[in-house]
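Enquirer: Join these two chains into a complex; the hints should help.
Top line first, the protein sequences correspond to chains U and D. First residue of the first sequence: 96, per the numbering used here; consecutive thereafter. First residue of the second sequence: 904, per the numbering used here; consecutive thereafter.
Just so you know, the hints here were simulated from the structure itself, not pulled from any lab data. Any given hint could turn out to be false.
Claimed, not checked - Away from chain U, derived, C-beta distances all over 10 Å, residues of chain D:
{"no.": "1", "residue": "S930"}
{"no.": "2", "residue": "A942"}
{"no.": "3", "residue": "E1062"}
To be verified - Quick look at which bits of chain U chain D covers, simulated, 3 or more residues with Cβ under 8 Å:
{"no.": "4", "region": "120-134"}
{"no.": "5", "region": "241-252"}
{"no.": "6", "region": "279-286"}
Note that beta-carbon positions come from the ideal geometry of N, C-alpha and C, so glycine has one too.
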Amino acid sequence: MSRLAILLLTSMSLGLAGCAFTPATLDLGVSSEVHVAGPLGDVSPLRFSPPQLEDARLDRTRIGHKKNGYGENTADISSAQPVAQVVETAVAKALVDGRHSVVTDGDIRVSGTVNRFWFEFDSNFWSVGFIGDVRCSLEFIDASTGRLIHKADYSGSYAMQKATGGLEKTWTVVLNKALERLVEAIVLDDELAAALKERAPPTGPSL
Amino acid sequence: MAPLWLTLLFTAVAASKEPLTVHIALSQTPDFDVVHHRATSNAIGVALFGAIGAGVQASVEHARDVAKRDQLRPYVSEGIWDEAFVAALEETFAQKGFTVRESPAPKEDAANSALYLVVRPHSFGIRVVDTTTVYVSTYVQFEVTYGRELGELRRNAFEDSYYMTGDRQVSYADLLADPGELNDDLANLLSQAARRVANKLIYNSEQPGAG
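Okay, chain D solo, but in the shape it has when bound (with noise of 0.2 Å):
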């Protein structure tokens, strides 16, 4: 997928709040991923065979969960993030009174009131969650770095990991046998983590330590 940088300026009253301007970049996204043989590997090769055999076990168990990926990725809509994170978190913005629009980069905003987010999407897809029961669900992983100026945003003054998982667990045989709801899965965790990022940000950006 190619790079994709947005830059949403919002201005806007937050509740009780001065008028706020916030720039949001989501960074380059990742591709659609299954980890599955990954999540339940073990270090058998390298108990056999040592460095060597972890290598190997290690591109086996990529090699396995790719297949598995070519499998699903065909449900997956390529512009999924777009279509639920980035519209999800414009639409909470603007639940809450923000003005949206989008610049393709942070630029030093001249309001004091200017707040930077920028979303770091580091995987997403389809994951083992249960090593016991070798169910698998949707999950989201990524970073959040945000500050009041420009320049807490280049040194990470603030920063939060996200790591969310969807509600519905299934086999991995279950989701292949029946993927059409893939789609609406991850868009609807996206979306869940897009509106929780934002209403972090509305309700917390006085303290932005905070979480």
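Chain U with its partners taken away, still in its complex shape (with noise of 0.2 Å):
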């Protein structure tokens, strides 16, 4: 297929295949069957709270704009679920991954904000690049002494081109890749895991 050939039909995928003037809403999340070990899951099982963040985006409209051929933003792209609660469910899958356990009443408290979730196109003269931006800062908080265990921010990103400017599903795609790197960022934390080793025992419930 000739460069030109392929310009067209990015240009045509951005802004025509796809409705380039309908928003756009995408279903997401970490999918069940993915599992990453790491350093988190060194620690002894723990019980956490449900993860509870705050959405901090600077802008909390969209996760996205849609594009045409020439760059300029058509329309939105959204979360059919809100994307702090997508994002609490990546962080609670990431302390299930290491083997711990999230339940009401947990030991400890995750709380935090949600400081990006963003899809981008980078659109090029021979091919379409879609990039996926999650970003969250978290804190680890003894429910007990309220004691803060851990603080950090973490993050997930994914890349993949294409030669066209592909559809929904694969933008469900990569924004579901950068939720999953979010969670090995968390799994994978050396300093969240020695944090957690370090924790002093509960003293005992608070009168």
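Expert: This is the structure:
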């Protein structure tokens, strides 16, 4: 296929196929079939409360823009579920992948902010790049003492290059892969594992 | 940058696993790059002048990125892959009890528990990460191939691609006005990437297809 043909296909895919002016809503989440092992699994099993994150993105109305072949924004891309909820689920999965449990009234609270959840087109002349980027700040707090155990920023990014613009299915795959990378970042974090290992045992319920 | 082949020989006992020898090769490292105008390009050239217009526009935008790269490259250490990526790999494996040795290229290991890893850097540097704000960030893109035998490695039996961006996002103008932290930002990102690769390898080596 000539480069010009690929370019035209790219422009058509970005600008026409998938209705460039119609907002897209993506159903996002980490696949339950993906499991990552890491230092978090070296920590004796802990009970975490369900993560509670605040959506602190500068632009909370969308997670990306549809673009036409000229690079202009034409319509919003948004998430079917609240972004904070999508990231909370991913963080919970990371904890479970680390062989811990997520239960109501857990011994460790997980709170923080979602700082970025963005899908970007990187339209070149001969191909189109798709980039998913998810970032959050997490605090792990001892529920019995209120002591901060660990605080860190985590991110998951994924990039895919294709000859044509792709459709919503491709965009969903890219963002879900970024969420998988976020799970990896947490499970593979040595410093988080070390901080949890050093966590002082609960002093008992407060009165 | 001259081609760099490093083979690191690791022999150790991964937690609760049999002794593991890991051969790691880092292929030729790329030049520092700036992807700014190429990331914000559009099809105006081709719309006006067809394929020739596209070619002209592509070369113009590449040249503009090269000019930006030349502005920032003096602030980036030439040996940053060794100083940050390889050093973090070694440190992470050492922390897990692995012994590290280097050899010029991967060789078949007689040990039954050998694991081979090749890291192929694709690009790294600065790129636009949000075309709405046109903010830039450090980035690195590379592929990892690994296998329990050299044959698996040569067949690219198990591959994993990494694309990571730095935490700090700024305008290019702000970065250019204060480029002093650029090398540290890149080093931090490369170290973070190496630690992630090492830990994923150590903890998921029994399931090389994972991830």
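Enquirer: Each hint should be assessed against the structure and marked as holding or not.
Expert: Here is how each hint holds up against the structure:
Look at S930/D: its CB is around 19 Å from the nearest CB on chain U, clear of 10 Å, so calling it non-interface holds up. At roughly 6 Å, the least C-beta separation between A942/D and chain U is not larger than 10 Å, which violates its mark as non-interface. No Cβ of chain U approaches the Cβ of E1062/D within 10 Å, the least distance being about 14 Å, so the stated non-interface status holds. Here's how the region 120-134 of chain U fares: 6 of its residues keep a CB closer than 8 Å to some CB of chain D, so the rule of at least three is met and the hint holds.
Here's how the region 241-252 of chain U fares: 3 of its residues keep a CB closer than 8 Å to some CB of chain D, so the rule of at least three is met and the hint holds. Counting residues of the region 279-286 of chain U whose CB lies closer than 8 Å to any CB of chain D gives 4, so the stated coverage by that chain holds, three being the minimum.
Hint compliance for this structure: hint 2 alone is broken.
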